[in-house]
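Start from the sequences, fold in the hints, and give me the full structure.
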Amino acid sequence: MSSAMWAYVLRRILFMVPTLIGIVTVSFIIIQFVPGGPIEQIQAQFSGQSTSAVARITGADTQPQAGLQDVGELEPEMIAQLEKLYGFDRPVHERYFKMLGDFFTFRFGESYYKRQPVVDLILSKLPVSISLGLWTTLLTYLIAIPLGVRKAVRAGSRFDAWTSFVVVIGYAIPAFLFAVLLLVLFAGGTFWQIFPNRGLVSDNWQDLSLIGKLLDYLWHLVLPVTAMVIGSFASLTMLTKNSILDEINKQYVITARAKGLTERRVLYGHVFRNAMLIVIAGFPAAFVAVLFTSSLLIEIVFSLDGLGLLGFTAALERDYPVMLGSLFIFSLLGLVTNLLGDITYTLVDPRIDFERRDV
Numbered sequence: 001m002s003s004a005m006w007a008y009v010l011r012r013i014l015f016m017v018p019t020l021i022g023i024v025t026v027s028f029i030i031i032q033f034v035p036g037g038p039i040e041q042i043q044a045q046f047s048g049q050s051t052s053a054v055a056r057i058t059g060a061d062t063q064p065q066a067g068l069q070d071v072g073e074l075e076p077e078m079i080a081q082l083e084k085l086y087g088f089d090r091p092v093h094e095r096y097f098k099m100l101g102d103f104f105t106f107r108f109g110e111s112y113y114k115r116q117p118v119v120d121l122i123l124s125k126l127p128v129s130i131s132l133g134l135w136t137t138l139l140t141y142l143i144a145i146p147l148g149v150r151k152a153v154r155a156g157s158r159f160d161a162w163t164s165f166v167v168v169i170g171y172a173i174p175a176f177l178f179a180v181l182l183l184v185l186f187a188g189g190t191f192w193q194i195f196p197n198r199g200l201v202s203d204n205w206q207d208l209s210l211i212g213k214l215l216d217y218l219w220h221l222v223l224p225v226t227a228m229v230i231g232s233f234a235s236l237t238m239l240t241k242n243s244i245l246d247e248i249n250k251q252y253v254i255t256a257r258a259k260g261l262t263e264r265r266v267l268y269g270h271v272f273r274n275a276m277l278i279v280i281a282g283f284p285a286a287f288v289a290v291l292f293t294s295s296l297l298i299e300i301v302f303s304l305d306g307l308g309l310l311g312f313t314a315a316l317e318r319d320y321p322v323m324l325g326s327l328f329i330f331s332l333l334g335l336v337t338n339l340l341g342d343i344t345y346t347l348v349d350p351r352i353d354f355e356r357r358d359v
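Read in order, the letters of the sequence shown correspond to residues 1 to 359 in my numbering.
Since the hints were derived computationally from the structure, they do not count as laboratory data.
Predicted model only: the values in this text are computed from it and were never measured.
For every residue, glycine included, the Cβ atom is placed at its ideal position computed from N, Cα and C.
There may be inaccurate statements among the hints.
To be verified - Pairwise CB distance ranges, derived in the manner of DEER restraints:
id	residue 1	residue 2	range
1	Tyr268	Trp6	31 to 37 Å
2	Ile21	Phe165	42 to 48 Å
3	Leu138	Tyr268	19 to 25 Å
4	Ile21	Gly87	15 to 21 Å
To be verified - Straight-line alpha carbon distances no greater than 25 Å define the calculated DSS-like cross-link-like pairs of lysine-lysine that follow:
id	residue 1	residue 2
5	Lys98	Lys114
6	Lys84	Lys98
7	Lys84	Lys114
8	Lys125	Lys114
9	Lys213	Lys125
The following block contains the structure:
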């Protein structure tokens, strides 16, 4: 990379610090005013008035936990001990600055309820979310880019018309509805039992051969990844098509045609490279978006315990270390992937000048 590029990367890295501080600060302020904090959650559990976050989502096991119904209200001494345990006996500003110091040294504490370090919890959920995010993003690009190019080349044709109808359906219907439909049709619902309906691997996965483990893993991914691809390829397809059409009307394309180049050479030698700038550079951000935000309902439908479900249950249970720690990590990854997107621009088109680009 050029010196201008390195300078730009350094500015972006330095800019990440106040951005992360702002995100964490706003979140910290908000949770101070949210009712039903951890102490209240524990009181509700002991009085038999609370169910788990997962039960609230799935509707399963909606009865209070056994042994907690008749305990009654907590004594003030116990509440004071809990406040000291969780650090709520300290002033707000002390807790805030301690949180900042811990986060910027990558110490995120332990979950209030699971009694595990936040980093370990996130790492334990990563295999599920990475599997969904990576395969979904790859398949989305492999389908959307060729389809978008084809639609641009045959713009206005019958092929363009009926594929646009399919694209509109994919854009309009949420991915989780496709997930439910696939579950009903192919996973033992009303019709066929072809694919598994829960989990990332089978119960006997450890006993399978290496090839068997791989095939079992891929077999479990078919339905959830299919549902997510159907729900996400539409916008990328139209972006690819519009980028191609925009480039086709530029002067350099007319000049290339005037020189006698074939349409295929013009399309793939000139138009495609320029049109793919915005599409390819968006790959890191698209992967992170699928990884952290788009898979929550898919995880619930297919009983997959990933990052989306972790963050949602932490919010319901007011598990502040998990909420703030995961928010910090995800925000940092988001900022890094945006930077990677800019670097990808230069790899695709070295003509981009970062000396004139602001942070």
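**Asked** How does the Cβ-Cβ distance of Ile21 and Phe165 compare with 42 to 48 Å: does it lie in that range?
**Response** For Phe165 against Ile21, whose Cβ atoms are near 47 Å apart, the range 42 to 48 Å holds.
**Asked** Does Lys125 pair with Lys114 here, judged by a C-alpha cut-off of 25 Å?
**Response** Holds: Lys125 and Lys114 sit about 14 Å apart, inside 25 Å.
**Item:** Pairwise hint evaluation, Lys98 against Lys84, where the allowed Cα distance is 25 Å at most
**Value:** Judged against 25 Å, a Cα distance of about 15 Å means the pair holds.
**Asked** Does 19 to 25 Å hold as the CB distance between Leu138 and Tyr268, or does it fail?
**Response** At 21 Å between Cβs, range holds.
**Asked** Quick one, are Lys213 and Lys125 close enough, alpha carbons at most 25 Å?
**Response** Cα-Cα ~19 Å, so holds.
**Message:** Check whether the Cα positions of Lys84 and Lys114 lie no farther apart than 25 Å.
**Reply:** 18 Å, holds
**Item:** Given pair status - Lys114, Lys98, alpha carbons within 25 Å
**Value:** Given pair Lys98, Lys114 holds - Cα atoms ~22 Å apart, limit 25 Å.
**Gly87 and Ile21 - C-beta distance against the hinted 15 to 21 Å** = 20 Å, holds
**Request:** Starting from the range 31 to 37 Å, see whether the pair Tyr268 and Trp6 falls in it by beta-carbon distance.
**Result:** 32 Å, holds
Comparing the model with each earlier hint shows no violations; every hint is respected.
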